[in-house]
Every structure is written in structure tokens, then in C-alpha cells.
Amino acid sequence: MGYFELIAELPPKRSFNKIVSIASRLIELADSLDVPDAPLGYPSPSSPVVSAALKASMRNDVDIIAHLRLLDTAHLGAVNVAMAMESLGISRLLLLRGDRPSIGSPCSATPEDVAATIRGLGLKVKVGHLLSLAKPVQQVLQRVSSGADFYVVTRPWRSPLIGDVSRAAHQRNAKVYVYLVVLSKANAELLSSIPREELVMPDEVKEAVSALRERVDGVIISSPRDLESQLRALREARSAL
Numbered sequence: 003m004g005y006f007e008l009i010a011e012l013p014p015k016r017s018f019n020k021i022v023s024i025a026s027r028l029i030e031l032a033d034s035l036d037v038p039d040a041p042l043g044y045p046s047p048s049s050p051v052v053s054a055a056l057k058a059s060m061r062n063d064v065d066i067i068a069h070l071r072l073l074d075t076a077h078l079g080a081v082n083v084a085m086a087m088e089s090l091g092i093s094r095l096l097l098l099r100g101d102r103p104s105i106g107s108p109c110s111a112t113p114e115d116v117a118a119t120i121r122g123l124g125l126k127v128k129v130g131h132l133l134s135l136a137k138p139v140q141q142v143l144q145r146v147s148s149g150a151d152f153y154v155v156t157r158p159w160r161s162p163l164i165g166d167v168s169r170a171a172h173q174r175n176a177k178v179y180v181y182l183v184v185l186s187k188a189n190a191e192l193l194s195s196i197p198r199e200e201l202v203m204p205d206e207v208k209e210a211v212s213a214l215r216e217r218v219d220g221v222i223i224s225s226p227r228d229l230e231s232q233l234r235a236l237r238e239a240r241s242a243l
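Per the working numbering, the sequence shown starts with residue 3, numbered consecutively.
Honestly, the hints are just simulated from the structure, not real lab data.
Even glycine gets a Cβ: it sits at the ideal position worked out from N, Cα and C.
What you were told as hints is all true, and nothing was included just to trick you.
DEER-style ranges, computed between Cβ atoms:
1. PRO204 - GLY124: 38 to 46 Å
2. SER89 - GLU216: 31 to 39 Å
3. PRO197 - MET60: 32 to 40 Å
4. LYS15 - GLY165: 32 to 40 Å
5. ARG27 - VAL51: 15 to 23 Å
6. SER23 - THR112: 34 to 42 Å
7. GLN140 - ARG227: 33 to 41 Å
8. ARG237 - ALA118: 35 to 43 Å
9. VAL51 - MET203: 33 to 41 Å
Listed next, the in silico BS3-like pairs over lysine-lysine satisfying Cα-Cα at most 25 Å (straight line):
10. LYS177 - LYS126
11. LYS177 - LYS137
12. LYS20 - LYS187
13. LYS187 - LYS208
14. LYS15 - LYS187
15. LYS128 - LYS177
16. LYS208 - LYS177
Using the sequences and the hints given, assemble the complete structure.
This is the structure in C-alpha cells:
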């Protein structure tokens, strides 16, 4: 493998000053930032808006992956967001259905349909899709053929499927990134519904990165509600490269 990208998930905050402060600390250790959109379906600052504001507030070469929940956004609205991301210098947009919204009614657009429209319009923003390795093998590999520019693999990082997914994606010149969600005392209750084997202990981060660096294009380091744990994990990940 060539360049291995270290990406930091930027936790949602209501204060933009806090967002900038946290982003500044994360980008000292990471190559780029990943901005989630309404995690678990609860209200939070819009990922595309926050991403664009960060791009304007921080140094211009900061690379950001914006997210867009399609359960909250109609097809035309999603395409409009993609156009805005392109014009504002956001190079990557992850399209996902997302968790059911806690407020309002869900929309029906799918990542595949929206991505096809974006490609048809000739937009330059790179479009990504989520991949859950909990689904049947053929279903996972079929999704890799959807034509996205990159795929974000959710837990678990130890899955033998990652190699198959990576090979299939690379044959289509698409990149693969794997989420590493770090468990700590501070977020144990929040993450209690996620099976232990799908989480990463702090002392497993270096092992995970070492195992993945020859198979995928990067990892996204997350540690919800525990910034210090996330920063330590980023240092461990960096030391494994």
C-alpha cells in the first residue's frame, strides 16, 4: 500500500469556537478530519455547514470529509449540498442513510441514487458510502460495485472481509477507510450497546493500525465524549506508521 491516511472524527459541539479549538488539536496529529452528521439521529450542527465553516476558519489546506444523512434530506437537496461542498472546497462527501431521525419524518433518497445524480452532473466532489461488514458477504461486495469514490467500513476492524472489500474497491480505483472506535471509561456507558468485539481498547490501537496499513487506505479514529482518549489513540496510530 502507498499513503496511509490518519483521519480524526470531529465530535459535534454546539459552539463553533469549541469546534475550531478541538479541530485544531486533532489536526496536529491527523491528516484530515471527519465530521459526522446528527449521530444517532439526534439534532446537532449540520456536518456540511460545519465543514465549510471550518475550511474557511482554519488553514485552507485542511482536508475534511463531510457527512450527509439522506434520511433528513431529499434527493434534490442532497445534490444541492454536493454542489455547495464543491464550490466551498470540501473534497469528500460521505452519503449515508443514517439513524432514524428523532424529529420529523424520514426522506427516501438513497446514497446510490444521489451519487449517480452527482456523477451525472459532472461534480468533482468525491462521494463515499458506508459499508457494514455485519451483512452477508455477497451483499457487501455488491455494494462495493456501486461506483463510489471511497468506502467507510464500520466495525469490526478484525473482520477477514476487509481484505476482500479492499481488493474489490481498489480494482475500481476507490479507497477504503476503517472506523476505529476507541472505548474508554469516559464513554463506556455511551458505547454499551455496541458489542465489545466491535470496539478498540486504547492498547489495541497500534495493533489495529499495523494490521490495517497494508490492506486499506486509512483509518478514522473516534472516541465519543473522550477527547483525551482520542488524542492518545491518534498518537499511538501515528507511531505505528
